[in-house]
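Trainee: One letter stands for each residue in the lines below.
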Amino acid sequence: MRRALGVLLLASAALAQKEARQNWRNTDPDLERAAATAGATLGARADKAAAEAAKYFGARKIYLESLAADATRRASTVGALNLAPDTVPNMEAYLSGQTTILGASIETIARTPDRGIQQLRQALERERAAVAALTAGSKDVQKAREAVVQTASNAGQARMRTVEVYQKLATSLKQSAQLTEQSGTAWAGYYRSLSDAARSVARPVTSSVPEPKSPAGVVPPAVVARNIPAVPLSRYVGAWTYPTVGARFHGAQPLSTELVVREENGRVSGMLSARFKLPPGNTGDPVVRFDFEGTFQNSPTQTFAVTTNGGAKGTLELIPGPAFNLLEVNFSTDEKAGTVRQANFLLVKK
Amino acid sequence: MVPAVRRRLPWFAIAACFAAVGTLCAQDTGAKSLSALQDAAAKRTAEWNTLTIGLELRLARLLPCDPRVRTAVDEVGRAADTRTVALTSYWNMVSIQSKAQVEAIRGLLTLEQQRAEDWANDKTETEQEVAATSGQAAALKTSLQQVPALANPQKSLESLAETNQMLAGQARERETNGGLLVDELRDLLKASQARQSAIDEQLKSVSAEGQRWSAYYAARQARAQIECVIINPAAATAPPAARPAPPAVRPLPPGTKP
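Protein chains in written order, with the working numbering: chain F, 4 to 353; chain H, 212 to 469.
Source of the hints: derived by calculation from the structure; they are not laboratory data.
Each hint should be verified, as a subset may be incorrect.
Stated by the list, open to error - Here are the computed lysine-lysine pairs in the BS3-like style, where the Cα-Cα straight-line distance is at most 25 Å: (1) Lys334(H) <-> Lys171(F); (2) Lys254(H) <-> Lys58(F); (3) Lys64(F) <-> Lys51(F); (4) Lys334(H) <-> Lys64(F); (5) Lys339(F) <-> Lys280(F); (6) Lys21(F) <-> Lys352(H); (7) Lys334(H) <-> Lys58(F); (8) Lys146(F) <-> Lys401(H); (9) Lys280(F) <-> Lys51(F); (10) Lys339(F) <-> Lys58(F); (11) Lys146(F) <-> Lys415(H); (12) Lys352(H) <-> Lys51(F); (13) Lys352(F) <-> Lys51(F); (14) Lys171(F) <-> Lys401(H); (15) Lys146(F) <-> Lys310(H); (16) Lys177(F) <-> Lys280(F); (17) Lys334(H) <-> Lys177(F); (18) Lys146(F) <-> Lys64(F); (19) Lys64(F) <-> Lys177(F); (20) Lys352(H) <-> Lys146(F); (21) Lys51(F) <-> Lys254(H); (22) Lys51(F) <-> Lys21(F); (23) Lys142(F) <-> Lys334(H); (24) Lys254(H) <-> Lys142(F).
Could you build the full structure based on these sequences and the hints that come with them?
Mentor: Written out as structure tokens, the structure reads:
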């Protein structure tokens with residue numbers, strides 16, 4: 004029963020790690036290839052991959068540890084059989100002595116014709132035959148005993164070899180479990196560093212003409228007049244919505260989102276309205292709504308100060324997505340009980 | 212001829228004892244009970260050995276019709292029976308434990324044969340991980356040419372690829388050891404079965420030896436009775452009530468080889 008349960012648990016652990024691995028590997032197979040072009044969206048993608056990797060390495064560690072425990076348990080199943088030291092006394096001398104005495108007695112009375120004496124002779128002969136049977140049988144006893152000792156010794160040696168292999172397996176599995184745990188941590192670090200690297204990417208070069216150098220403190224008049232974002236305005240301006248298929252988010256999960264961004268004479272204005280899925284038991288406000296305005300900055304990420312309809316202050320970042328019709332939205336507001344304070348998601352252009 | 216057969220433990224009592232041992236074993240086949248049976252067998256053997264070696268010396272000091280002659284032979288015979296029961300109980304327990312081990316080993320062999328596939332799959336998966344990580348590293352290397360900031364993740368990935376190689380090596384080793392384990396378990400099963408056969412033979416040997424000693428004591432008691440009758444013929448009219456010798460072993464006719 005216990006063995007069956009163990010096998011079942013092990014099979015379940017094996018399946019869990021297998022599925023977790025597939026999920027991880029299928030999450031974002033192009034992540035590394037897209038690392039140079041995905042920009043800030045890579046963060047969310049790397050986070051997702053990291054979460055799946057963590058699940059896999061956790062499940063893998065459990066599986067390996069279960070196998071190690073199972074190997075140790077199985078090794079203990081092959082227990083030693085301790086046999087008693089030889090408890091058969093050596094009766095050879097006694098039996099030999101008895102044979103001699105009985106033989107001499109029989110010889111002494113052999114020729115006496117008395118009926119009673121002849122009965123005694125017959126009794127002595129029966130006794131001698133019993134002693135002879137014991138003498139012959141003692142060899143069989145000894146032989147049987149030696150066979151037990153020999154076969155038990157062979158079985159003991161085979162058992163030790165078996166236990167040794169089980170121990171090797173258990174040790175290897177424990178080492179792998181430990182290495183897997185370390186590997187899991189290293190993968191988490193990798194995804195973090197990948198995300199950081201992607202976020203820290205400098206703005207792409209849009210022109211091969213070197214920028215004119217100006218004297219210190221002197222700002223070129225064109226820049227004062229109108230900031231031009233590092234990427235085309237069309238990557239920000241327009242009506243955006245949260246996709247119903249293939250949605251990507253990090254943190255609070257949006258249920259629906261509408262974003263409108265307008266540009267007029269270098270001034271940006273817009274409105275964001277979003278409804279989020281709240282965790283079970285949370286009775287807070289699932290709706291966030293705010294207007295924003297400002298100017299475009301000379302960088303891919305456009306940041307605006309916002310005040311929500313609930314009065315919370317915060318910032319909104321608009322980051323061009325991995326495709327021309329995608330826009331990453333990142334907002335955070337100051338703490339205000341019962342409201343969604345931060346979110347990160349991709350919108351698609353209407 | 213007067214059948215001079217000593218009193219002995221009834222053989223059904225021995226059989227009952229075997230049954231009791233079987234029940235006991237079903238409840239507790241632990242080393243503790245085996246150890247207790249082992250101690251009991253050693254003690255009974257020592258007691259019987261002392262009585263047997265000293266028997267003729269004791270009888271030599273008694274007159275043929277002294278009732279203590281019969282008592283002395285009976286006492287040694289009972290000690291021999293008690294020893295046989297103790298030894299049989301011990302070897303029965305050994306046999307039960309040995310059989311349980313044979314079954315456990317057989318079960319393990321089946322499980323390990325099934326697991327061979329798991330070791331192979333695990334090895335394949337770890338090798339796939341090595342390939343996947345290498346693929347990631349190659350992809351990232353391409354991106355690295357455009358984004359130098361990816362140098363650190365690239366290093367991390369190279370280090371992870373090395374770790375994966377180690378994990379794959381360990382999985383390969385486990386696959387080899389899994390195969391070796393099946394071979395070792397086959398050897399162990401064979402050796403344990405041989406041991407089981409030897410234990411069964413030992414049990415038969417203990418039983419046969421007990422019967423031979425019973426036959427000997429019966430013959431010794433018969434001789435003592437005849438010695439008494441020669442001295443005092445009236446003693447032949449009052450033979451003691453006694454059970455016959457066990458059917459498996461009867462005193463052999465004179466001149467017959469055992």
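Trainee: Hint check: Lys64(F) vs Lys177(F), CA-CA at most 25 Å. Holds or violated?
Mentor: Holds, at about 9 Å.
Trainee: Checking one constraint from the list: CA of Lys254(H) to CA of Lys58(F), max 25 Å. Satisfied?
Mentor: violated, 62 Å
Trainee: Check the hint pairing Lys21(F) with Lys352(H) against an upper bound of 25 Å on the C-alpha distance.
Mentor: violated, 28 Å
Trainee: Holds or violated: are the alpha carbons of Lys352(H) and Lys51(F) at most 25 Å from each other?
Mentor: It holds: about 21 Å lies between the C-alpha atoms, which stays within 25 Å.
Trainee: Run the distance test for Lys51(F) versus Lys254(H): straight-line Cα separation, threshold 25 Å.
Mentor: violated, 73 Å
Trainee: Between Lys339(F) and Lys280(F), does the CA-CA distance stay at or below 25 Å?
Mentor: holds, 17 Å
Trainee: Take the C-alpha atoms of Lys146(F) and Lys415(H), compute the straight-line distance between them, and say whether it is at most 25 Å.
Mentor: Given that 25 Å is the threshold and the Cα spacing comes to 12 Å, the pair holds.
Trainee: With the threshold set at 25 Å, check whether the alpha-carbon distance from Lys339(F) to Lys58(F) stays at or below it.
Mentor: Violated, at roughly 32 Å.
Trainee: Is the hinted pair Lys254(H) and Lys142(F) satisfied, with a Cα-Cα distance of at most 25 Å?
Mentor: holds, 23 Å
Trainee: What's the verdict on Lys334(H) and Lys177(F), does the C-alpha distance respect the 25 Å limit or exceed it?
Mentor: Judged against 25 Å, a Cα distance of about 16 Å means the pair holds.
Trainee: Would you mind confirming whether the straight-line C-alpha gap from Lys334(H) to Lys64(F) stays at or under 25 Å?
Mentor: holds, 15 Å
Trainee: Do the alpha carbons of Lys171(F) and Lys401(H) lie within 25 Å of each other, as the hint requires?
Mentor: holds, 22 Å
Checked against the numbered hints listed earlier, the structure breaks hints 2, 6, 10, 16, 18, 20, 21 and 23; every other hint is satisfied.
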